[in-house]
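Guided by the hints, dock chain B onto chain A, whose structure is given.
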Amino acid sequence: MNSLYSELQWLPRPKPDFSESLKALAASDDSLGPEMRALASYALDLNQLTKLGKAVSKARKEGKSLDPLVPLRLAVLSNSTIDMTLPALVASAARHGIALEVIQPSYDQIAQEALTPGSTVNSSNPDAVLLAMDYRALPLKLSLGNAEAASATVQGALGYLQTLRNGIKANSNAVCIFQSFAPPPESLFGSLDRALPGTLRYLLDEINRELAAMIRASGDVLFDVAFLAETVGLAEWHNPQLWNLGKFAFSDELIPLYGDHLARILAAIRGKSRKVLVLDLDNTIWGGVIGDDGLEGIKIAQGDARGEAHLAVQRLALDLASRGIVLAISSKNTDEVAREPFLKHPEMLLRLDHIAVFQANWNDKASNLKAIAEELSLGIDSLVLLDDNPVERGLVRKLLPQVAVPELPEDPAYYARTLAAAGYFEAVAFVDEDLKRAGFYQDNARRADLLKQMSGVDAYLESLEMTITFLPFDGPGRARITQLINKSNQYNLTTRRYTEPEVEEAEHDPNVFTLQVRLADTFGDNGMISVVICRPGEPEVWEIDTWLMSCRVLGRKVEHMVLREILQHARSAGIRKLKGVYRPTDRNKLVVDHYAKLGFTKVAEEESGLTFWELLVEGAYPESAPMKLVSQGFAAAAERVPA
Amino acid sequence: MDEAPIYARLTEIFHDVFDEDSIRVTPVLSAHDVDGWDSLTHIRLILTVEKAFKIKFTTSEIGKLENVGDLVALIKTRASRSTLGILPAPLENSR
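One line per chain: the protein sequences are A and B, in this order. For what it's worth, the working numbering labels the leading residue of the first sequence as 1387, then goes sequentially. For what it's worth, the working numbering labels the leading residue of the second sequence as -1, then goes sequentially.
Just chain A, same shape as in the assembly:
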């Protein structure tokens, strides 16, 4: 078995005292979340994962705080025995920042659970439902050489899956996570199986493709188990002895890998995936040391085996940038020396304009990583550091455990594969904003430069020629709205997370006022940067349930414009008072004075730091900011489009 995958080799090996540390932790009353996550961040085997998962579940049941792990309730429907997998899954989820609660109904009751309104699954109010089904759960009949019958079988299977989905949607409105189906390695004809309609391989190929299309259209989530099984090998994945003994759908040795992959998806649903790849330079993106070997001495050439290994790292970084991952450099080097290959080496794929933040100096890497996160206005836990030096890796893990730092093998040929295998940048959707994101951050750096040259902030804002656009929630914006709701941590008053179905519900509810805000300026389109949800409270009162903003547009007085817009609609709806609340987390200090700055009055404060605010609509006219305003998609009376 390929140990990179089966042993999760991007994670450090567990310490010999794992069991003792876990016991000590379980007995203590300290904040368990960070410690549990730290223990989970090693390459644990099934027994270790089981122990940790049980400890997490026990702590949750005893009402102990698991902050800052984000809670998620997952119901699992399966045609196989998953009991051995579930504790491992809880531990894997902790590794990815999720406090997972698993709801498990009786064995092999998939249809009953999905379709009955009051079933265990549907009545448990799950955030997501995993359909952990393998091919043996499908109504499949071989029809060798008969294309028509094969197509009917495929449609039958898809219809079954669709029915389950509709049942879950109607009865619990949870996000559905479907698994693709790993074909067994036993073939009937041999290679012909792939081509001949009606063989098992043919049927599963078709079902997997159609399932993927169905999911793209519906907004559900795909867990590509077929790809995972192929990556490790179908003969390793399927274990006939374990199926016969206990109806295990796949090999016990791959449970840690399965758990980690599913946990990445859960983390992505909650917006906890990483956003930034920080690259070391010497012996990471090129072979050799630029300060010693010079421009001619470093290895990045095509045709040189070692050079090609490092080029593969650059290519992967570039591909990640093209899907919206931000690139940064952290290197112990003299700045001009470090920049030279980017400017002058003909074989370099990465150029300076791909890099949002370039930190080459002699400070320690932990300080540099903090500076990178600050410059990008992103949390430390958005960063991944790729570094060939085990000492630097160890240091960063110790000082900044929130940063993901993959272990790397000795041979650089496997660097790119190891980084990809770690799956730090898992996504469940891909929207236009993702494509533009890397550009945003570079634009921001330029905006910051401009700010330094301008005398006053207002003059600067004026020069940006901003256009702010207000729309209610709508279909085209829904995926991005959901993404913002689930990943905004800093400029977020309440940090309430909603799934896409819940967002859609708010969209259609006539009593709920919703706002999606876009901002464009002379440097480009920032896309959607703010989301507001107001729910009806007492008569003539709106309670601001959600108010969040992307930190990219901090300091532009966007929040003032948003409040003006809310007030405008409140007036037309006959609302007298707005009520706001600030719910503190360890990430949203930034907005502790948000309501005070906007002229709200504090009416109550709890010991936890929770504060309550009110603003009378009459007479409230917050200051305006120099930007063009477009407001559309609301009831006709409220629309305003500039001449």
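If you are wondering where the hints come from, they were derived from the structure by calculation, not from laboratory data. Glycine residues also receive a C-beta, built at the ideal position from the N, C-alpha and C atoms. Be aware that one or more of the hints could be misleading.
[To be verified] Covered by chain B, according to a simulated footprint, are these stretches of chain A (three or more residues, beta-carbon under 8 angstroms): (1) 1436 to 1449; (2) 1466 to 1478; (3) 1617 to 1631.
Just chain B, lined up with the frame of chain A:
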């Protein structure tokens, strides 16, 4: 083959699998004596033993095990046929 090191190793494995350090592993120990030794944990136990001793049991061998004595006898037969080392590395490094 001496049984003492097998028992020593099994003791480590039992403590790990059942997460209980007070279990005393003796020949007569069976599922009746240990909390949480259900059919699923039994499979996890067997899989851990297989990995630790680098051996594989057949389905019918797994079905026939009544107590730890049976398990040790089976490990002895298997290990004597195995070309791999008789005694594996300590648990924490066995991966």
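Against the structure, the hints come out as follows:
Chain B is given as covering the stretch 1436 to 1449 of chain A, and this holds because 3 residues of the stretch bring a CB closer than 8 angstroms to a CB of that chain, at least three being needed. With 3 residues carrying a beta carbon less than 8 angstroms from a beta carbon of chain B, the stretch 1466 to 1478 of chain A meets the three-residue requirement, and the given coverage holds. Counting residues of the stretch 1617 to 1631 of chain A whose CB falls under 8 angstroms from any CB of chain B gives 4; the rule of at least 3 is met.
Every hint, counting from the list given before, is met by this structure.
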